[in-house]
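Kindly generate the complete structure, drawing on both the sequences and the hints.
2 protein chains.
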Amino acid sequence: MSKFADAARNGLTPAALEATLRQVGEERYHNKHPFHHRMMAGALTKAELQAWALNRYCYQAMIPRKDAMIVSRAEDPELRAEWRRRIEDHDGVTGWDGGIARWLKLASGLGLNEELVKSERRALPATRFAVGAYLSFCTNRSLLEAVASSLTELFAPVIIGERVPAMLAKYSYVSEDILAYFTPRLKQAPRDSDFALAYVLAHATEPGKQQEVINALIFKCDILWAMLDALDYAYRDGGNIPPGAFVPEAR
Amino acid sequence: MSKFADAARNGLTPAALEATLRQVGEERYHNKHPFHHRMMAGALTKAELQAWALNRYCYQAMIPRKDAMIVSRAEDPELRAEWRRRIEDHDGVTGWDGGIARWLKLASGLGLNEELVKSERRALPATRFAVGAYLSFCTNRSLLEAVASSLTELFAPVIIGERVPAMLAKYSYVSEDILAYFTPRLKQAPRDSDFALAYVLAHATEPGKQQEVINALIFKCDILWAMLDALDYAYRDGGNIPPGAFVPEAR
Chain A
19 MSKFADAARN GLTPAALEAT LRQVGEERYH NKHPFHHRMM AGALTKAELQ AWALNRYCYQ
79 AMIPRKDAMI VSRAEDPELR AEWRRRIEDH DGVTGWDGGI ARWLKLASGL GLNEELVKSE
139 RRALPATRFA VGAYLSFCTN RSLLEAVASS LTELFAPVII GERVPAMLAK YSYVSEDILA
199 YFTPRLKQAP RDSDFALAYV LAHATEPGKQ QEVINALIFK CDILWAMLDA LDYAYRDGGN
259 IPPGAFVPEA R
Chain B
19 MSKFADAARN GLTPAALEAT LRQVGEERYH NKHPFHHRMM AGALTKAELQ AWALNRYCYQ
79 AMIPRKDAMI VSRAEDPELR AEWRRRIEDH DGVTGWDGGI ARWLKLASGL GLNEELVKSE
139 RRALPATRFA VGAYLSFCTN RSLLEAVASS LTELFAPVII GERVPAMLAK YSYVSEDILA
199 YFTPRLKQAP RDSDFALAYV LAHATEPGKQ QEVINALIFK CDILWAMLDA LDYAYRDGGN
259 IPPGAFVPEA R
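Chains as they are written, first to last, in this note's numbering: chain A, 19 to 269; chain B, 19 to 269.
It is worth saying that the hints were derived from the structure and are not from the lab.
A hint or two may mislead.
[To be verified] Here are the simulated EDC-like cross-link-like pairs (lysine to aspartate or glutamate), alpha carbons at most 20 Å apart as the crow flies:
{"id": "1", "chain 1": "A", "residue 1": "Lys64", "chain 2": "A", "residue 2": "Glu45"}
{"id": "2", "chain 1": "B", "residue 1": "Lys64", "chain 2": "B", "residue 2": "Glu224"}
{"id": "3", "chain 1": "A", "residue 1": "Lys21", "chain 2": "B", "residue 2": "Glu138"}
{"id": "4", "chain 1": "B", "residue 1": "Lys21", "chain 2": "A", "residue 2": "Glu138"}
{"id": "5", "chain 1": "A", "residue 1": "Lys136", "chain 2": "B", "residue 2": "Asp24"}
{"id": "6", "chain 1": "B", "residue 1": "Lys21", "chain 2": "A", "residue 2": "Glu267"}
What follows is the structure, encoded as structure tokens:
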């Protein structure tokens, strides 16, 4: 945290706060992670892609719950109405025709059993702890911090823009159909992050609050980073799979 | 979780439940982790030992808080009185003359700055998420599960018995003085785990509750294991230190 620890010490203009938040992403978003680099280079085994999809499912499945937590904490009906769309995006109309269902399609398209993925039983403990920390953060910190922690979506179009073409080009068994999750995200993420960024810039007007939103974004980058750390450790080169976690059949 | 997932399906005698809990430890306690094996073999760098001490401090510092949470949830004065001793063990009389202070001495004995360690700012995010998950577990699960999650202490004398002689023999800069933390633990841990085990065996009389206590111990083993996963990944061979985490000067 050192570099950004005192970033808001003297107070920041909205433009300077936005620039600082974008700088956090520039340095700490998980598109800088070695696991992502290996994904881009076509260097992941199918087993590693399966482990990625299976673990990331836990994150996807928790997102509408943390968004509902934010809705539950918001006193402003406009904020609630805006944020509710995120829940709809992930759960769809029926619960199983939104983003979570599309992520499940990605996982099964990579050869995983849907029920295994949905059960979450074989995810890495580190994934569960990170996902739980995110939900706890949105439960226990201020509403402003909870909103700010969503700002990794500012950088989502970048990573999707890198990931989708690379996956299609580098992995013969990956089709556009399997990656259908990402298409609506390219519109949803900017819409959502535009709103969240405007909210943060309007409400973080004191140095203390500005520092809190910077720290909230760092925290969220740490969550995403730690999930890739755990995958890279557990599954690279056969790896160090913790007891009880998913053991791939694929190579 | 597969192997133990249905262990209590038909109900277990107290002796069989105890045997199952010991089997969990046999297979999943962190003395089976590659990082511990490297520690025993004298293969860790001083940098790795520093990172271990710095990260483990976050765990040590949280333990009396989770114990206070258990005390706060216990309606039985005897349970509270017994469990309160754990808080005293870690905090001492003044807050800084118990187990936490002894761990700090271990960290500074390895060449770390005390204030850096106490700040917890440079710990791995994965450490923070694991430690937070443990506190959340003791906050949100049943009292019985919270008590059961402490049962890794059944196995503490084993790991201490392995760790202390190996560290003294294999690392020239480690002295008995530095390892003073572990001496009282050899008496405290068995006293505490005897009590907790008796409590669990007396209260987990139905299959559902027995499965919950088995799962609680697995959860706790996962916590300790994930902390070593994160250390091994971040610091082995220079490693993959996440942004903002402790960067050792030592080699």
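> Is the straight-line distance between the alpha-carbon of Lys21(A) and that of Glu138(B) 20 Å or less?
Replying inline: Answer holds: Lys21(A) to Glu138(B) is near 16 Å, not above 20 Å.
>> Please verify whether Lys21(B) and Glu267(A) have alpha carbons no more than 20 Å apart.
In response: 18 Å, holds
> Taken at face value, is the distance from the CA of Glu138(A) to the CA of Lys21(B) at most 20 Å?
Replying inline: With Cα atoms ~16 Å apart, Lys21(B) and Glu138(A) stay inside 20 Å; holds.
> Lys136(A) and Asp24(B): Cα distance at most 20 Å?
Replying inline: Judged against 20 Å, a Cα distance of about 19 Å means the pair holds.
>> Against the 20 Å threshold, does the CA-CA distance of Lys64(B) and Glu224(B) hold or violate the hint?
In response: 48 Å, violated
> Taking only the CA atoms, is the gap from Lys64(A) to Glu45(A) under or equal to 20 Å?
Replying inline: 28 Å, violated
In summary, the structure is inconsistent with hints 1, 2 from the numbered list given earlier, while agreeing with the others.
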